[in-house]
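Q: Chains as they are written, first to last, in this note's numbering: chain L, 7 to 461; chain X, 7 to 461.
Hints may contain errors.
Since the list can't tell identical chains apart, any single copy or any two copies may satisfy a pair.
Below, simulated BS3-like cross-link-like pairs (lysine-lysine); rule was C-alpha separation at most 30 Å, straight line [as the list claims (entries may be wrong)]:
1. K62 to K99
2. K389 to K315
3. K237 to K37
4. K371 to K459
5. K461 to K441
6. K420 to K179
7. K220 to K389
8. K82 to K441
9. K256 to K91
10. K205 to K11
11. K179 to K37
12. K373 to K41
13. K144 to K225
Don't read these hints as lab results, they were simulated from the structure. As the structure is a prediction and not an experimental result, all values here were calculated from the model.
Protein chains: 2
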Amino acid sequence: MSIQKPTLPKGTRDFGPVQMARRNFILDTIKDTFKLFGFQQLETPAMENLSTLTGKYGDEGDQLLFKILNSGDFLKNVHEEDLNKGTSSVLPKVAEKGLRYDLTVPFARYVVMNRNEITFPFKRFQIQPVWRADRPQKGRYREFYQCDADVVGTDSLLCELEIILMIKRVFGKLGLTDYSIKINNRKILTGLSEVIGEKGREGELCVAIDKLDKIGWEKVKEELGQRNFTKESIEKLSPIIDLQEGNHAKLEFLKSFLAASETGKKGIEELESVFELLSTYGETEANVDFDVVLARGLTYYTGAIFEVKVNNVSIGSVSGGGRYDNLTGVFGLEGVSGVGFSFGVDRLYDVMEELGLFPEENMEKTKVLITYFDEKGFTYGLKILNQLRKSGISSELYPDESKIKKQLTYADKKQVPYVIILGDEEIQNNSVSLKDLQSGTQESLDLDTLIAKMK
Amino acid sequence: MSIQKPTLPKGTRDFGPVQMARRNFILDTIKDTFKLFGFQQLETPAMENLSTLTGKYGDEGDQLLFKILNSGDFLKNVHEEDLNKGTSSVLPKVAEKGLRYDLTVPFARYVVMNRNEITFPFKRFQIQPVWRADRPQKGRYREFYQCDADVVGTDSLLCELEIILMIKRVFGKLGLTDYSIKINNRKILTGLSEVIGEKGREGELCVAIDKLDKIGWEKVKEELGQRNFTKESIEKLSPIIDLQEGNHAKLEFLKSFLAASETGKKGIEELESVFELLSTYGETEANVDFDVVLARGLTYYTGAIFEVKVNNVSIGSVSGGGRYDNLTGVFGLEGVSGVGFSFGVDRLYDVMEELGLFPEENMEKTKVLITYFDEKGFTYGLKILNQLRKSGISSELYPDESKIKKQLTYADKKQVPYVIILGDEEIQNNSVSLKDLQSGTQESLDLDTLIAKMK
């Protein structure tokens, strides 16, 4: 066995203790919220049959799928002439499985395979890694977590309300305040294309105005022109781009602007209902912004469209989703509509870090390290350790007889906030010396007081 | 896009809501325990370089690694003549990465890559899936979770104590009572081979007596004979096989039996110390059994060896581990010794199910479903929903106006224990009707009483 310097595959990461504690802080907050709202957890295998995955993400997506080499003699069906035909001819012969690319397709597969057992409406959440053979770059990884919640089997706008409520709760618990839950409705975009005289072209319209944030209105106009939208229709869009008032002012304006489009009016109506439900529930519209140009480039949304942006940070969008009509049609089950959204955990992590929002307290770490001078101290410490743990206090006894300084360094590096120091005096008095490593203060306590204090 | 009936890859599973709740019950119990004992979480990528994985698990293990096809033109280095040379010649040209086979090798890689940042002794735990291209069969899957805890960088027997304590705590919390934590020490096995006159052959000895449980002493004797152990040395082993008294009687017997072996005596001494530490900590020896023939077939253990068996169930071993000398030598870092163990989560799940130990209560599920007759009820219900969730009570409002019967069926199928029914009377009195679906009783409550009761 040759000795080698190990490395990580490109685009992948280890998560050490500090990162894990922070990631768990985010994930636990999200999970708690999903459960509070009655969502149930699903996990699907990392590997799916390529027949399940291929063709669901477009040509580019197919390229980015990680494929798994068949076990055993993977060459058994490959002949010399296949080599000349290239990868697309050889691939089906050497690989039957691939790694999960997102959580939506496996969810759709699960719904189809278990449709007779599932209780609809089905509120499911799923938090698992996905893999994409993308070119790695800052903030883009080949393995990353997705964190999805969907409700399928109901058209109720209560679901849209609950998405807003869950985002608000999660962001509140994470300490994020300066953010915007942008909401729009695909029907409004359809209505827009109708009233500007480009009926049926909302798809192209969406693709173009989706870039508004990045390239600006002038460039979007150019692109629309190139796509043969007429000058008049583009001009008619202008008031929409400049809308900058509150949610209800926008809704009022659009009511007249879209008056000629039944679909557009339906979209406005749906959106108004969501705002009404929000108010009935007893929640304000703070952080909720109707954004009439929000399109998310994705053409399978049929109703609400969501996107969450955190203000004043380098990373923008941290969550998105919407309502769709046909989740499972591709697997032969029609009529399963739903609404869902996804938290970008890696992006939330970066945002929290940029804003310094990770709490120092309550992170997963040992609360007390017991240190000692000699074997007698170790023995005494072992008893104290048991008492602390019985009270649910995460605690450690330094394992080796070492200089106190070394033991304190261990506590310091592991960011343990309290250290117990056990010398002859403590053993005799059945007490402990407790040192607060942050303040530097030290006090002598009996065991009951210690436990009360640590709790 | 052709419509297809989706399937799962062989040997993989979905975990639906009920299974997830049960799995989380097990995993959360284990995680809580690890954290209480000061272990810190690590996660490593699903994909590792094949150079990291290959050669670490023996030839059979290498065969069972799932390999990932290189992205893009994976054939670019494959020539016609390679095809004739077979898979072992083609493999390195088409696959650079593989899926994690266990958590130990990635842990060793992590320690080597981060040795300057890690605070030793390093107490890490890791709970992640692993993948093996094994032939799927009952209880054996191609994707399954491992759940490891290791301490590296100390020889202190405190670590061995803590393994026992953690297992006891986890099993206690899970409601498992009839089980045995078998403990042995590799040095005792070395000592045995010495005193029976087969010095240096403890490896072979271990392989043979490891099968004692499965094939019995007569067959083990046969195998030892085939391996050219002398008749005398096999005969000398006999008293060891028949030992059936308590831990301390066994230790006493072995003290004289192994008197001629320094290593053997050291093993006894270590084991005695662990029992002493257990007593000093204030924990009994209940469920802890010195098993002098426990070998676990694995030759890299150098000190303590652990295995946990649940009695009276079809699946036996649910956890195992031991002390090792050289975790990271294969990656060029010598001298990192440690001790660790692993919970078999899938096996624990099966055992818990067989014994009917999963609690009905406290499983992750919605506690209250709010049902209603009409829009007025829905609106009133929305306000109650907010109050319940503000009090941390997992609750749902049925999303669609439907017959009460349909709403109750939803609650029943989702195993929601309580249902609130809102009619005109409740709306007028600002109250709720709460139905306990288990007992069938129904009562009228005001909101404060409801929340107090649900908490």
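Q: Taking each numbered hint in turn, which are not upheld by the structure, reported in ascending numerical order?
A: Checked against the structure, the hints that fail are numbers 3, 7, 8, 9 and 10, while the rest are satisfied.
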